[in-house]
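**Student:** Sequence:
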Amino acid sequence: MSQTYTDNCFTTTGVVQTQMGQVEENFAALKSAFSGATTPANTVAGMWWFDTTANILKLRNEANSAWLSVWDFANNKPILANNIIGDFAAALKDPAAGTAGFRTIGTTAVKACAGNDARLSDTRTPTDASVTSAKLIAPTAGSVLSGSNDTEYSTPLESYTEIKRFTFLQDGAYRFTFDLRISTIPGTAYGRIYRNGVAVGTEQSNATASYITKNEDISGWSAGDLCSLYVKSSSSPKNVYARNFRVYVDALCLPILKTAF
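When you line the sequence shown up against our numbering, it's residues 302 to 562, in that order.
If you're looking for bench data, these hints aren't it; they were derived computationally from the structure. Glycine residues also receive a C-beta, built at the ideal position from the N, C-alpha and C atoms. Some hints here could point you the wrong way.
Ranges of calculated distance between the beta carbons of each label pair, as one might list FRET restraints [what the hints assert, rightly or not]:
| no. | residue 1 | residue 2 | range |
| --- | --- | --- | --- |
| 1 | Leu553 | Ala367 | 45 to 53 Å |
| 2 | Ala439 | Ser511 | 34 to 42 Å |
| 3 | Pro538 | Gly443 | 33 to 41 Å |
| 4 | Asn362 | Glu325 | 22 to 30 Å |
| 5 | Asp308 | Thr353 | 50 to 58 Å |
| 6 | Pro556 | Gly347 | 54 to 62 Å |
| 7 | Pro379 | Thr339 | 30 to 38 Å |
| 8 | Leu331 | Ile380 | 17 to 25 Å |
Input sequences plus hints: build the corresponding full structure.
**Tutor:** This is the structure:
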């Protein structure tokens, strides 16, 4: 196929047959994208060339100083190094450690999940955990429901008894609410929040037979802590009733884990 392109092929003194032949060669070169095994002559910026040796379509750069590979016809895929996708990927695939970007799979500081991947040292001991609650923003008490155990429960016991519990998956401060009442009056129902079996909340009470919602913000919780609601009655056999034990945060976070009861 023709790679010959003649500029200014028409002159007033030229031979028409020769000039028309040059015009035909020009069209043939354009039609085939200057297909050929060698670089075409008379290059200009923006010129196409289908390199039949490499089976790659190329484009002359703006400075007319080099060819940019555009499409690999042997594998029917784009050449990413010379387009906007390639620039984006090259810039973000493996940036310096501590810089956000795409990561290839590996174990060095600039590879996938750097800073969070569980790598093994020479002693076969993990040098870092995966994603942990300590690496997440700790929630604070708010109005967004994080977990609930709403089933009504009652007991006549006069000593504090655990009736509901949660296990936290994330460090932070939480807001607790629960409904409390005594079965009959006179009498008083008591309720209190415990952490890992130790009282941390204020003792709440209700001396009426109608439910009253109690609420309290408590900080200092760690992932894995057991949060329990304990209740007691002022006098047996009067039952203390509790329901709607709920936990609230300021924004969506890891859910709490509701345990057996």
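**Student:** Against this structure, judge whether each hint is valid.
**Tutor:** So, going through the hints one by one against the coordinates:
Leu553 and Ala367 have their C-beta atoms about 52 Å apart, which keeps the hinted 45 to 53 Å range intact. For Ala439 and Ser511, the Cβ-Cβ distance of about 36 Å falls inside the hinted range of 34 to 42 Å, so the restraint holds. Our hint of 33 to 41 Å for Pro538 and Gly443 holds, since their Cβ atoms are close to 39 Å apart. The hinted window of 22 to 30 Å between Asn362 and Glu325 holds, with their beta carbons roughly 29 Å apart.
Distance hint check for Asp308 and Thr353: the Cβ-Cβ separation is about 24 Å, which falls outside the suggested range of 50 to 58 Å. Pro556 and Gly347 have their C-beta atoms about 58 Å apart, which keeps the hinted 54 to 62 Å range intact. A hinted range of 30 to 38 Å for the beta carbons of Pro379 and Thr339 is inconsistent with their spacing of about 24 Å. Distance hint check: the CB atoms of Leu331 and Ile380 are about 22 Å apart, consistent with the given range 17 to 25 Å.
Violated hints, in rising order: 5 and 7; the structure is consistent with all others.
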